[in-house]
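> One letter stands for each residue in the lines below.
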Amino acid sequence: MGEFLLVTLQVDMHDQLALRLQDDLTNAIQAKGSKGVLIDISALEMVDSFMGRMISDVSGMARILDARTVLVGMQPAVAITLVELGMSLPGIDTALNVERGMQLLKRVLSDGDDHRPR
Amino acid sequence: MATITGRGEQPLRSEHDIVLCRQTVRRLAQEAAFSLVDQTKFVTAASELARNALVYGRGGVLKWETLLDGIRRGIRLSFEDQGPGIPDVDQALTDGWSSGTGLGLGLTGARRLVNEFELQSTVGVGTRVTITRWK
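Going down the list, the sequences are from chains A and B. With the first letter of the first sequence counted as 1, position 27 gets the number 27 in this note's numbering; the numbers rise by one all the way through. Numbers given in this note's numbering equal positions in the second sequence, counted from 1, plus 1000.
One or more hints might be untrue.
Far from chain B, by Cβ distances over 10 Å, these chain A residues were calculated [said to hold, decoys possible]:
| id | residue |
| --- | --- |
| 1 | L6 |
| 2 | K32 |
| 3 | G91 |
| 4 | V98 |
| 5 | R107 |
Simulated DEER-style distance windows between Cβ atoms [what the hints assert, rightly or not]:
| id | chain 1 | residue 1 | chain 2 | residue 2 | range |
| --- | --- | --- | --- | --- | --- |
| 6 | A | D111 | B | D1069 | 55 to 61 Å |
| 7 | B | R1027 | A | V83 | 21 to 27 Å |
| 8 | B | G1006 | A | S110 | 33 to 39 Å |
Derived from the structure by calculation, the hints contain no laboratory data. For clarity, every value in this text was computed on a predicted model and none was experimentally measured. All residues carry an ideal CB built from backbone N, CA and C; glycine is no exception.
Just chain B, same shape as in the assembly (with noise of 0.2 Å):
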């Protein structure tokens, strides 16, 4: 069971806010002695959720944890949103597929590059990723 070592939220609510994410999530993976490699996975992943948190769920917020398990350190993100949600998670999972004007690279990409990733939406009341990395 991973101990929590560290946590903090900030809001996205503008482009500002995507880049100010990415810095944090840059920090936080900096901190826990992440490779140079996974850094930049870890930062890709969170700027592509925090720009889906943007455009499609309205704006909401970045919870970040940093844990410990045993001798092993990570860190968890989880974006949030109060937006329409998604009404088929197994199509938004599925590579290409965009309900916008995007690739539809965001969350298939985000899970490729990170180690643990869930999805919880709820239709007309948001949506919650969370993706963790290990070092």
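Just chain A, same shape as in the assembly (with noise of 0.2 Å):
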């Protein structure tokens, strides 16, 4: 996908595969020298604060190494979860799909700003 990664996160992960995920990212960034990554979370049917501080660090392991991060696909039920959770995921881009986020992320990088709500 050009200078993009996707991942796309499976139904139901063990927390250790989780864990794995940031490595593997990251190192992926490292290798590839991307500077957007997608997350695509569609097929997940819920997200607890275990995932959801996953996603938070490794969306701030990225931007240290100079690559954005959006999360896309969100399930809304997920969205209300997590809400009242208490977990907003402050910080994260987001976008409903795939396509959105890669314009998103495209957007980003071509203004150079910092288009994170803050």
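Two independent chains are provided; combine them into the complex using the hints.
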């Protein structure tokens, strides 16, 4: 996908698998010099605080490695639950689907501006 | 007074058991005809408490009951461990407080996602968290 990495998370991940993703993704960003990462969670039927933190951490790690992360495809029921859980994922860019996420990344990277709501 | 229409239990001894716990709770919530949002809330609460039992309680057991109260259906889950227990229950139920490496959202977050929440803990004996959600 050119300069972007696409990560698709599958249903019901073990905690260790989620942690390994951090390793794999940061290594891939460095190896490929990617400027953008799309994390597709449309297949996830739930995100708990552990997975939410993992996603948040990955985004922070990518940022330090000069890559922007966009979380795409969150199901409405997951969004409702996450906010009620107390986890609103501050500082994480989101988009409804992969296409819109790509557009967001392209826009952010071409502007060079930080569009994240801080 | 609610009638118990079914019950079961399964171990919480490994990370894989957390996944199995989520699957059991999802199935029960579907059978009780919970809405998709209510299913998701309940499964997420269960996931938080299952992980707590494993990480802080050094493993435990999930006991579940399906309930009928008149025409109302419900599910009650009990997460029991024989871990170190929680010295200060009020503190543990404070948002953002964490004894470990977590965010401190597990217990308080789970409480917000259910209709009934009960926490019993004795230092040196263990912890039991019981949650109930009604359709």
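> Far enough from chain B: is every CB of that chain over 10 Å from the CB of V98 (chain A)?
V98 (chain A) is indeed farther than 10 Å from all Cβ atoms of chain B, at 22 Å.
> Given a hinted range of 21 to 27 Å, is it respected by the beta-carbon distance of R1027 (chain B) and V83 (chain A)?
holds (25 Å)
> Does the no-contact call for L6 (chain A) survive, Cβ to all of chain B over 10 Å?
Non-interface label on L6 (chain A) holds, nearest chain B Cβ at 24 Å vs cutoff 10 Å.
> When you take the CB atoms of D111 (chain A) and D1069 (chain B), is the distance between them in 55 to 61 Å?
With Cβ atoms ~57 Å apart, the hint holds.
> Per the stated criterion, does the least C-beta distance between R107 (chain A) and chain B lie above 10 Å, as a non-interface residue requires?
The claim stands: R107 (chain A) keeps its Cβ more than 10 Å from every Cβ of chain B (closest is about 31 Å).
> Test the statement that K32 (chain A) is away from the interface with chain B: the closest C-beta pair must be farther apart than 10 Å.
K32 (chain A) clear of chain B: closest Cβ-Cβ about 30 Å, beyond 10 Å.
> Taking the minimum C-beta separation from G91 (chain A) to chain B, is that value above 10 Å?
holds (14 Å)
> Evaluate the given range 33 to 39 Å for the C-beta pair formed by G1006 (chain B) and S110 (chain A).
Violated, since G1006 (chain B) and S110 (chain A) (Cβ atoms, about 57 Å apart) do not stay within the stated range.
Against the hints set out earlier in the document, a violation occurs for number 8 only.
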